[in-house]
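Visitor: Just need the whole structure built from these sequences, with the hints factored in.
Taken in order, these protein sequences are the chains called A and B.
Take the position in the first sequence, starting the count at 1, then add 17; the result is the number in the numbering used here.
Take the position in the second sequence, starting the count at 1, then add 96; the result is the number in the numbering used here.
Hint data in this document are derived by calculation from the structure and do not stem from the laboratory.
Just so we're clear, the structure is a prediction, and the values are computed from it rather than from any experiment.
All residues carry an ideal CB built from backbone N, CA and C; glycine is no exception.
Hints should not be assumed to be uniformly reliable.
Stretches of chain B that chain A covers, calculated by requiring three or more beta carbons in the stretch to come under 8 Å of a beta carbon on chain A [claimed, not checked]:
(1) 134–148
(2) 176–183
(3) 189–200
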Amino acid sequence: MKQKIRIASGQGFWGDLLTAPIDQVTKGQVDYLVMDYLAEVTMSILQKQKLKDPKLGYAKDLIPLLETILPICIEKNIKVVTNGGGVNPIACKDAILSVAQKLGVNVKVGVVAGDDILEQIDTLVANGNELKNMETSESLSNVRPKISSANVYFGAAPIVEALKQGAQIVITGRTTDTGITLAPMIYEFGWSLDDWDKMAVGTIAGHILECGAQSSGGNFSADWESVPDMANIGFPIAEAYPNGEIIITKHETLGGKVTRQIVTEQLLYEIGNPKEYITPDCVADFTSIQLEEVGANRVKMFGVKGKPATEFFKVSMAYLDGFVAFSTLTYAWPDALKKAQKADEILRARLKNLGLEFEEVRTEFLGYNSCHGSLSPNVELNEVVMRIGVRGKDYKSVERFGKEIAPLILTGPPSVTGFAGGRPKPSEVIAYWPALIRKAAVNPKVLVF
Amino acid sequence: MKIQLLQICHARSGDKGDTANVGLIAREQKYYSIIEKHITADVVKKHFEGICLGKVERFELPNLWALNFLLHNSLGGGGTKSLKNDAQGKTLSSALLRMEIEIKESKL
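Guide: Take a look at the structure:
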């Protein structure tokens with residue numbers, strides 16, 4: 018058994034810094050590279066891509082990235098774990114194996130599938146899995162015909178299985194952001210899946226890594242100007258020990274920093290009740306976490322407690338729920354805000370005259386109140402951007418709104434500019450249906466190629 | 097004396113659907129008792145009047161010198177439905193740090 022493993026975060030979301038995972042495997046020693054690509058909206062985008070082309074539906078960035086790092090990972094024996102398989106982990110595996118062949122290297126790729134239950138929804142419901150909305154308790158039948166993707170959040174266990182079968186690269190579908198970090202610890206240290214404190218350790222380490230550089234100086238609110246060399250920011254690394262101690266750190270030659278304050282900010286990111294951070298692997302207690310700075314860019318985490326996992330997996334389903342469109346115009350001094358507000362008034366009157374129907378029309382003034390709303394102080398603005406958005410079920414109304422912006426330039430208040438990029442096009446609103454499903458009702462599939 | 101939370105705290109915020117979470121962290125351990133005492137769910141609800149349209153829940157994390165607030169119904173529907181520029185509530189952290197509170201001078 019290894020006495021220590023270093024797990025490097027490579028991406029905090031699909032669209033994150035492309036050079037980060039390359040830096041993680043080249044600028045210092047690591048044993049694992051973990052990458053979280055999936056947000057809720059990503060799943061339905063991928064589902065759409067797969068419908069158009071059955072060979073798509075995964076995080077495409079992964080393929081050129083692996084083409085670059087695969088030889089390094091093989092040479093240094095670095096394992097890669099990622100949920101970038103999206104809604105088509107098998108196709109993703111095929112693409113990776115082609116890259117390996119092209120590079121002339123041999124690599125074992127593990128796939129975790131079975132999370133995609135889109136085709137099984139009706140059978141599952143017929144078998145007594147209600148899949149009602151876990152927040153509103155509404156019945157699934159209200160939205161059933163509109164559902165366009167449905168995925169179960171798996172935890173660490175199937176990844177551990179793939180690692181045990183010798184996979185060096187593990188590609189999953191919808192696996193929790195935390196599971197991809199916990200799995201290597203279970204595998205390397207032989208932790209038991211019902212050692213709840215240890216499961217919580219790896220889960221919380223996963224929470225620290227899952228948003229990339231947010232744990233190494235990015236988006237740091239306390240003293241952001243003190244963060245060195247953000248241009249070359251190093252992503253965080255969790256150094257894990259068999260006894261459950263974790264050191265959060267980064268490669269020394271890269272920018273950013275890791276401090277108690279920075280790690281604390283990430284721990285507070287997007288959590289609910291801190292005593293019950295629920296994942297498929299355990300229920301972690303964030304009020305048990307102890308942090309200590311033990312060196313430059315080294316924060317130790319210890320004392321973590323966990324409770325037994327629940328009997329459920331979370332399911333996330335997506336459905337089309339109307340359309341939105343946005344547009345902006347910029348107004349200059351004098352009376353910049355007054356002019357922008359008048360333009361908004363005129364626009365709304367015209368939309369009303371046209372008889373268009375929207376669920377909501379929202380106007381914000383960038384430079385004045387789009388971030389802090391009613392808390393924004395009244396000060397003389399040199400310029401302000403009117404940002405107006407509409408949402409409705411009727412595509413034509415939303416599209417028609419887009420034709421009413423440019424006319425304001427010649428038919429409204431003066432000193433206005435900034436209408437670029439043509440008429441705004443409607444985009445789809447993807448709504449979510451969160452539900453719970455008994456773990457016994459679904460089966461993760463683990464395949465190693 | 098009157099202080100602004102920015103002087104003694106830092107913060108991070110994010111989203112879960114239409115609910116925003118704001119983590120408020122004391123810059124030093126000695127400030128935690130101040131925020132624990134003064135920054136109640138009611139105070140935060142009042143601060144975010146017109147922004148947070150639902151209830152505010154507060155959770156304590158004394159181990160991290162922090163409080164976690166859940167601001168329900170605050171993001172214009174959340175996700176791709178929201179028409180807000182800040183649909184994910186990313187800047188609500190600094191909005192909370194604007195808050196001014198009256199404290200006993202001996203505390204600082």
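Visitor: Each hint should be assessed against the structure and marked as holding or not.
Guide: We went through each hint and held it up to the structure:
| no. | hint | result |
| --- | --- | --- |
| 1 | 134–148 | holds (count 5) |
| 2 | 176–183 | holds (count 6) |
| 3 | 189–200 | holds (count 5) |
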